[in-house]
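**Student:** Respectively, the protein sequence lines represent chains B and W.
Just so we're aligned: 87 in my numbering is position 87 of the first sequence, and the numbers increase by one with no gaps anywhere.
Just so we're aligned: 116 in my numbering is position 116 of the second sequence, and the numbers increase by one with no gaps anywhere.
Rather than coming from a laboratory, the hints here were simulated on the basis of the structure.
Glycine included, each C-beta is placed from N, C-alpha and C at the ideal position.
A portion of the hints provided could be inaccurate.
Said to hold, decoys possible - As a list, the in silico BS3-like pairs of lysine-lysine whose alpha-carbon atoms are at most 25 Å apart:
1) W:92 x B:50
2) B:109 x B:50
3) W:228 x W:177
4) W:17 x W:228
5) W:3 x W:131
6) B:50 x W:65
7) W:92 x W:131
8) W:43 x B:6
9) W:17 x W:177
10) W:145 x B:6
11) W:228 x W:131
12) W:43 x B:32
13) W:43 x B:50
14) B:6 x W:65
15) B:32 x W:65
16) W:65 x W:17
17) W:66 x B:32
18) B:71 x B:32
19) B:50 x B:71
20) W:66 x B:50
What the hints assert, rightly or not - Examples of chain B residues toward chain W, derived with CB under 7 Å:
21) 9
22) 11
23) 14
To be verified - Ranges between beta-carbon positions, derived for each pair:
24) B:15 x W:265: 42 to 52 Å
25) W:147 x B:43: 30 to 40 Å
26) B:50 x W:252: 38 to 48 Å
27) W:147 x B:113: 29 to 39 Å
28) B:113 x W:118: 56 to 66 Å
29) W:234 x B:47: 35 to 45 Å
30) B:126 x W:21: 54 to 64 Å
31) B:13 x W:88: 26 to 36 Å
32) B:139 x W:21: 46 to 56 Å
33) W:17 x B:29: 41 to 51 Å
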Amino acid sequence: MGIIIKHGRIWYQNQWFFGDLLIEDGIVMEIKQEICYSSINHQIFDVRGKIVIPGLIDLHVHLREPGFDEKETIESGSKAAVRGGFTTIAAMPNTNPVIDQPELVTYIKEKSKKADYAKVLPVGAITFKEEGQNLPILLG
Amino acid sequence: MGKHLLGCQDLSIEEIKSILNKAQYFLENNDNLFSYREAYRDKFVVNLFLEPSTRTRFSFEVAEKKLGIQVLNFESNISSLQKGESLYDTLKTFEAQGMDIVVIRLREEGILQHFSRRLNLSIINAGEGKKAHPTQALLDLFTIKQYFNDLKGLNVAIIGDIAHSRVARSNYYLLKKFGANIFFSGPPNLMAPDLENNYLPIDEAIRRADVVMMLRIQAERHSDNKIKSKEAIVEYNRKFGFTEERLQYLQSHAIILHPAPVNRGVEMDDIVVDHQQSKIFEQIHNGVWVRMAILDRALGVN
């Protein structure tokens, strides 16, 4: 089963191009003006002129979790990211506690995997507790 | 090489369907074209009409502007063609200036095909002598498909000055691809020897037709002036025109088409032009969507 994105505005061969895109097994198989599909198993999305590009990456986001869940959580932040086209985000470590040990890295990875929106890359603090003194050990 | 539209014969069935589907998309998304206008604002089209045209030129211009393409209109009376520059050099000049598409109408037949192999900009044929008028045939097909699902076995009567009609030729080749039965009617001296001779007297042609396609007398292409006097026109109307009396032969499900401009009272009586089964103004309306689809195709990647 594949996915067909119809009437997309696709950045292709260095220009905007309006057409269809076929994805099978997670791989873009075909891009052309109109893809005639025979398989009824294909999932069709008519995006009517919306932009079709590889997922965007934001290297600087604040998910606020743990510690400030009232502002944002891993789930809400990564959901907002994919809504805006960002499929990979790098989460800053100034949470409470600061991301300065392997367990916290694992925590963010697992939480984001469970949320299943954007891929979250946890960014570790450069110094222990962000105190500017000692380097943390982030490998578990 | 550019993505040209030169004639209906060059198009595969798949390509034709793709153009018609896109035209349908534009019809349904007329209020949602922002994305196109943004993507195409750096694209340039030049409309080069070397034969008179109002309808086709305006139709193209509306289609171009709806898509947000930058439009340039070439005026042959103030241009270098008057100074003796060859058409090929004019087209090479457009290409060098960064035009993406040239929409061209001209009298000479066959040279577009020749030029197309040497040009990177896309050529869209907007009427070529007596030979081809593919965008008209495509919009006719689009209109026909709004009324008939299957073209296989559909009876299409093309009536009038077939000999001088590029519309008849383009429609003939296009509709044949889809399995339609085409027959001709009109003055015997205005039939086309280059097309299959499938002649029917007009009453019989109308009686059998699912689609009646009427044509204008192309007096400007006639070497003599036989059908210009008042008497000759009355005579033509009586013998070969779609008159009020002939409406009795029209099947209730049939539709009437005409590429326009219509000469009311010559090839068609007023009452026939304005008849509820006449889809002439729908054709003109559909022309915009079909031409948008053709322009969009020309700007696509190969």
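**Student:** Next, verify each hint and record whether it holds.
**Tutor:** Going down the list of hints, with the structure as the test:
{"no.": "1", "hint": "W:92 x B:50", "result": "violated (35 Å)"}
{"no.": "2", "hint": "B:109 x B:50", "result": "violated (31 Å)"}
{"no.": "3", "hint": "W:228 x W:177", "result": "violated (36 Å)"}
{"no.": "4", "hint": "W:17 x W:228", "result": "violated (40 Å)"}
{"no.": "5", "hint": "W:3 x W:131", "result": "holds (20 Å)"}
{"no.": "6", "hint": "B:50 x W:65", "result": "holds (20 Å)"}
{"no.": "7", "hint": "W:92 x W:131", "result": "holds (24 Å)"}
{"no.": "8", "hint": "W:43 x B:6", "result": "holds (23 Å)"}
{"no.": "9", "hint": "W:17 x W:177", "result": "holds (12 Å)"}
{"no.": "10", "hint": "W:145 x B:6", "result": "holds (22 Å)"}
{"no.": "11", "hint": "W:228 x W:131", "result": "holds (24 Å)"}
{"no.": "12", "hint": "W:43 x B:32", "result": "holds (20 Å)"}
{"no.": "13", "hint": "W:43 x B:50", "result": "holds (19 Å)"}
{"no.": "14", "hint": "B:6 x W:65", "result": "holds (23 Å)"}
{"no.": "15", "hint": "B:32 x W:65", "result": "holds (24 Å)"}
{"no.": "16", "hint": "W:65 x W:17", "result": "holds (24 Å)"}
{"no.": "17", "hint": "W:66 x B:32", "result": "holds (22 Å)"}
{"no.": "18", "hint": "B:71 x B:32", "result": "violated (43 Å)"}
{"no.": "19", "hint": "B:50 x B:71", "result": "violated (30 Å)"}
{"no.": "20", "hint": "W:66 x B:50", "result": "holds (17 Å)"}
{"no.": "21", "hint": "9", "result": "holds (5 Å)"}
{"no.": "22", "hint": "11", "result": "violated (10 Å)"}
{"no.": "23", "hint": "14", "result": "violated (9 Å)"}
{"no.": "24", "hint": "B:15 x W:265: 42 to 52 Å", "result": "holds (50 Å)"}
{"no.": "25", "hint": "W:147 x B:43: 30 to 40 Å", "result": "holds (32 Å)"}
{"no.": "26", "hint": "B:50 x W:252: 38 to 48 Å", "result": "holds (44 Å)"}
{"no.": "27", "hint": "W:147 x B:113: 29 to 39 Å", "result": "violated (55 Å)"}
{"no.": "28", "hint": "B:113 x W:118: 56 to 66 Å", "result": "holds (57 Å)"}
{"no.": "29", "hint": "W:234 x B:47: 35 to 45 Å", "result": "violated (58 Å)"}
{"no.": "30", "hint": "B:126 x W:21: 54 to 64 Å", "result": "holds (55 Å)"}
{"no.": "31", "hint": "B:13 x W:88: 26 to 36 Å", "result": "holds (28 Å)"}
{"no.": "32", "hint": "B:139 x W:21: 46 to 56 Å", "result": "holds (55 Å)"}
{"no.": "33", "hint": "W:17 x B:29: 41 to 51 Å", "result": "violated (21 Å)"}
Hint violations for this structure: numbers 1, 2, 3, 4, 18, 19, 22, 23, 27, 29, 33, all remaining hints satisfied.
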